[in-house]
Amino acid sequence: MSSPLLEAAGVKAAYGQVNVLHGVDFSVNEGEVVVILGANGAGKTTTLRSISAMRLVTVEGSIKVAGTETVGKNPADVVRMGVAHVPQGRGTFPELSVEDNLHSGAYVVKDRSQIHKDIDRYFDMFPVLRERRDQLAGSLSGGEQQMLAVSRALMSRPRLLLLDEPSLGLAPLIVEQLFETLAEINRDTGMTMLVVEQNAQLALSIADRAYVLEAGQIVLSGEAEAMKTDEAVRQAYLGY
Amino acid sequence: MDFDLLTSPELLLARIFDGLNAGAVYALVAVALVLIFKATTLINFAQGEMAMFGAFLAYIGWSEWGLPMWIAVVVAMILSALGAAAIERTLIRPFDPSDHLPLVIVTLGLLLIIGAVAGMIWKFDPRPFPELFPSGSAFRLGIANLRWYTVFTLAAAVAMMALLQFLLSRTKIGLAFRAVSSNLESSELVGIRVGPTLQFGWALAAAAGTFGAVIFVADPVRQIEPSIMLSVLIFASAAAALGGLDSLWGALVGGLIVGQVQTLLVNVFTFIPNEMALAAAVFVLLVVLVAKPSGLFGTARVERV
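From first to last, the protein sequence lines stand for chains A and B. If you count the first sequence from 1, you need to add 13 to reach my numbering. If you count the second sequence from 1, you need to add 1310 to reach my numbering.
By construction, these hints were calculated from the structure, which means they are not laboratory data. Be aware that a few hints might be false.
[Claimed, not checked] Listing some non-contacts, in silico: residues in chain B with all C-beta distances to chain A over 10 Å:
| id | residue |
| --- | --- |
| 1 | 1321 |
| 2 | 1462 |
| 3 | 1489 |
[What the hints assert, rightly or not] DEER-style ranges, computed between Cβ atoms:
| id | chain 1 | residue 1 | chain 2 | residue 2 | range |
| --- | --- | --- | --- | --- | --- |
| 4 | B | 1431 | A | 22 | 56 to 62 Å |
| 5 | A | 147 | B | 1450 | 55 to 61 Å |
| 6 | A | 25 | B | 1388 | 45 to 51 Å |
| 7 | A | 129 | B | 1446 | 50 to 56 Å |
| 8 | A | 186 | B | 1401 | 49 to 55 Å |
| 9 | A | 211 | B | 1541 | 40 to 46 Å |
| 10 | B | 1544 | A | 202 | 55 to 61 Å |
[Said to hold, decoys possible] Within a straight-line C-alpha distance of at most 27 Å, the following computed BS3-like cross-link-like pairs (lysine-lysine) qualify:
| id | chain 1 | residue 1 | chain 2 | residue 2 |
| --- | --- | --- | --- | --- |
| 11 | B | 1602 | A | 86 |
| 12 | A | 130 | B | 1482 |
| 13 | A | 77 | A | 123 |
| 14 | A | 86 | A | 130 |
| 15 | B | 1482 | A | 123 |
Predicted, not measured: the structure shown is a model, and the values here were computed from it. We treat Cβ as the ideally placed atom computed from N, Cα and C, and that holds for glycine.
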């Protein structure tokens, strides 16, 4: 088997003096959807922030995207390696129009015709965004903003999509639609995804594999199917 | 109160022309402030002093290096852009761009340092600056005199505004400016290199500021000296805030309003001493901002969550 698209080994991460990740190993293969489950404060968001080399996080260890190290780089470099990151809380540009938000997502793309084609594609996927193309993103509802955030991330045509709690703050119906769309994108384009999620049931339903993070350490990993029936996972994260 | 002003159209027109003259200058400087605010969400208190320094460079280019005046202006704009880029790299970049307080203190420090350095080099004796625009009157009605200088200053302000507006709304670097000032973290996540983007914003604002200051001192009634921009900066800040800090056209309109308020206020309400014109203008600003905190044309930050 070829080497994984994303490979993290012995990753320790800290905010200043506060250590959050205590040496985690995980990997995501090309075309896979992998989910990281865990309670609040387990280090899920920090894991994604470490991959993207974001500000304020000090990372030790090794995180490789297609064989290239991201540790010590900055987020703009990581984007150019083919990683797109939908941050927690969506991170749209509230003062920019919906269309400008999408354009910003294609900041690293040089081919203008590709940009316009992609914008059309996501307007087709999320028609409400087309209706609101000139509206400021800050005026969209939470669900619409999440659609925009996902579309914006996809505009860079990433090899790996990182999603940080896409279900947070959204109505259950919207969350289901969103996960269906994500599953569709994965099925149709083979887009590799690493999803951090508290809604374990939904996340496991679209995932191939899963990791369970507890207090900065991976305590469990395996096939998503097997996770669903695992006693410990069920009790802790599925609630039945 | 001087009601003559309200009954004599000629006198009123004269005052309005005075206000237009002042207002056009405020608008020019306010644009530079708005530009750096839009690009960095930072108010650069040193903007006026940087602009003053740039105007001196133009003066030196003309008087000592013997350059033709307009060439000297362009050279000064390039030099101040490079200087601002260097300042950004050494004094601004080391700080966390999302934490504004230390940055504001740095710009206050810059204000004092640049002012002091300019005072050291050029002393405080005023020197005549060459005229950039035709002198004389474009329109005259009795004592009301609209000078060519005013017309050209207004035209320069509008042209600069249009150019910057185009840059901000239609170009990739403009999109980067808007993205960085809207959400720093997300701009990095879409691949924008924040440091160089802010640096370019500083350079651009410095060039715009130098242009504004050059035009300000090119008024035949003025001479160039190191403290020339201090009071202008206050009026220009008022203009920028009035227009809504993030609106370029707001800066233009704000500048014109502040210019009118400043001249009309002290001439209609003659009990307001001339020395209080500044305070009166700022008071009007306060009243507007209480009613409309985001300024006349600014975007109110609305966000659904």
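Hint check:
| no. | hint | result |
| --- | --- | --- |
| 1 | 1321 | 44 Å, holds |
| 2 | 1462 | 34 Å, holds |
| 3 | 1489 | 5 Å, violated |
| 4 | B:1431 with A:22: 56 to 62 Å | 58 Å, holds |
| 5 | A:147 with B:1450: 55 to 61 Å | 46 Å, violated |
| 6 | A:25 with B:1388: 45 to 51 Å | 47 Å, holds |
| 7 | A:129 with B:1446: 50 to 56 Å | 52 Å, holds |
| 8 | A:186 with B:1401: 49 to 55 Å | 51 Å, holds |
| 9 | A:211 with B:1541: 40 to 46 Å | 57 Å, violated |
| 10 | B:1544 with A:202: 55 to 61 Å | 56 Å, holds |
| 11 | B:1602 with A:86 | 43 Å, violated |
| 12 | A:130 with B:1482 | 18 Å, holds |
| 13 | A:77 with A:123 | 25 Å, holds |
| 14 | A:86 with A:130 | 31 Å, violated |
| 15 | B:1482 with A:123 | 11 Å, holds |
Checked against the numbered hints above, the structure violates hints 3, 5, 9, 11, 14; every other hint is satisfied.
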